[in-house]
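Enquirer: The primary structure of each chain is shown beneath.
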Amino acid sequence: MELVCVGLNHRTAPVEVRERFAVPAGKLGDSAKELLAISGLEESVVLSTCNRTEFYLAGEQAEHAAAELRRRLAAEHGADSDPHWYEHHRIQAAKHLCRVVSGLDSMVLGETEIFGQAKDAYRQALDAGATSGILNRVFQRAFGIGKRVRTDTRIQEGATSVAGASVELAEKIFGKLAGCRVIVIGAGEMSRQTAQALVSRGATSVFVTNRSYDKAVLLAEEMGGRAVHFDEWQAVLAGVDVVISSTSAPHPVVLPHHIESVRRVRKFRPLFLIDIAVPRDIDPACGAIEEVYLYDIDTLEQLAGEARVRREKQIVECDRIIDEELKKLNLPGT
Amino acid sequence: MDRWFLIAATALAAVGGITGMLTVHQGTRSRWTVIWMVAAFAAQLAFLYVRGQMRGACPLVGIGEILAFLAWSLTLFYLAVGPTYRLSLLGVFTAPLVVIFQIVALLPGVWIVEPERIPATNPWRETHAAMSVLSYGALALAAVAGVMFLVLDRQLKDHHLQSGLFRNLPPVRELLKSMVRLLWIGVVLLSIGVVAGFMMPRQGGGAHLVAASGVWIGYALLLGVRQVRGLTGRRLAVVAVLLFVGSLSVFALV
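From first to last, the protein sequence lines are chains A and B.
Add 7 to a position in the first sequence, counting from 1, and you land on the number used in this note's numbering.
Add 2 to a position in the second sequence, counting from 1, and you land on the number used in this note's numbering.
Keep in mind that the hints were calculated from the coordinates and are not lab data.
C-beta: ideal position from N, C-alpha, C; glycine also.
A few of these clues could be false.
Covered by chain A, according to a simulated footprint, are these stretches of chain B (three or more residues, beta-carbon under 8 Å) [stated by the list, open to error]: (1) 156-166; (2) 223-235.
Derived pair list, reagent style BS3-like, types lysine-lysine, alpha-carbon separation capped at 30 Å [said to hold, decoys possible]: (3) A/Lys40 <-> A/Lys126; (4) A/Lys335 <-> A/Lys154; (5) A/Lys334 <-> B/Lys159; (6) A/Lys320 <-> B/Lys159; (7) B/Lys179 <-> B/Lys159; (8) A/Lys334 <-> A/Lys320; (9) A/Lys34 <-> A/Lys126; (10) A/Lys102 <-> A/Lys274; (11) A/Lys320 <-> A/Lys335; (12) B/Lys179 <-> A/Lys274; (13) A/Lys126 <-> A/Lys183; (14) A/Lys183 <-> B/Lys159; (15) A/Lys183 <-> B/Lys179; (16) A/Lys154 <-> A/Lys34; (17) A/Lys183 <-> A/Lys274.
A few chain A residues that don't get close to chain B, going by computed Cβ distances all over 12 Å [to be verified]: (18) Leu43; (19) Ala44; (20) Ala82.
Put together the whole structure using the sequences plus the hints.
Expert: Right under this line is the structure:
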């Protein structure tokens, strides 16, 4: 019995190549079933995400089947893609799968979405009758190892983006973000991403203000929030917990006296100020107010960068766990 | 026997605190602190039972017994409200205070080796002593939460976010909520204790009752100002810590 992984990913192929081989999310099972027509192949799973397309193959002549698969792919989608494909055989194929489900092979190291995507790919193949003894064991074991890697290491720890770092800090200040109220000053892309990240964690009542009111309305609609005229944002300040500011103003927009004027009304509740504008929108003196936590773009970038470095340092430990677990298995096909 | 139970409780709380600090320093959560503290609590209960049998009443005579009772009360509130926080980390902050109270209780001169049996008990006196010391447990834990808040607040303000301690501390808002809740519990219990104190038969001036009333007024003012006007978390925490440290002087007058 042989186990082979044939694939391409964001490291080996640019998006214009990857998109040619992408398999629609709902057709992974059918695609896996169709592969069984290749001689010497008994089992298959097709995994396709925006960053990778991979074929996991098992059978008496899986290596031969892998060559046939690549020939067919070249015939269907163009031979120029051939240099972008990689192949892993036997134990290396199982190890590669473990690294994929653990997020070690992802563009954002340690990301969790791939785990669910791999599970879905396997479930579809299983439902389509495209898997049996070998791939069932390999995939189920890989999911177990992936869980252990994520539990026993810090591969998921720390946010690796400005938006993620902002959310983590907001959660450190407010705990669960359900019920948190946010005002977005300046309807730019960065503030949209950050507000979106907060909303995805439960923040409600998003107010959007912008010099161009139309843009504020558009972003507010996208967030399910409310647009506020730029000369009225200070009235909203008393009721919010988080301020995200990202305007293109050449001078600070949020000044200490704006906050001082609403402190009593707010009953001195904690206020989280996120300044992602350059030049800065929020006067640094605001950070000296007792209940205010002020973070600018440099600090948030630094936090995200440190988290990336911490995750990279975990790779060796993750690989050690994968090797240790795979040694215990004596998997057929590896 | 009673002394050994208290020594065991002190050692268990110390182990819980030290192991907790070490794991937090490594950046992980201490799952064992709560186990050590449960064991310390059991030893404290055994101590109070034996001592109560010797006294024939609630063992609250002299500074040693009061401090031991206070340590028990503090542990009790920690175990009761801990789930509101991340349990183990609150234990890491609570354990040192428990250890200090119990070490002082065990010191020669403070510890009464052969406690005298209390001939007749008075329900007002018993209620006064028990409720007052129980309230101090809640107020002590509020002060512990206050210290935790001050540490977290400083780290957030200074952008020092990489320590294991920072990662394990509960969120600002939860700490503040818990602190306020504990202050309310403490003040309600202390109110009962103070009222019972004025109802109990007294010999002498009752200076500690006047001091206890002063403490009660201090806490009531703190909660009142917070409720009506609002207070920053930092001020609430600082005052809660200072009031608790100051309120310990009441025991010197008992």
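Enquirer: Which earlier hints turn out false for this structure, listed by number in ascending order?
Expert: Checked against the structure, the hints that fail are numbers 5, 10, while the rest are satisfied.
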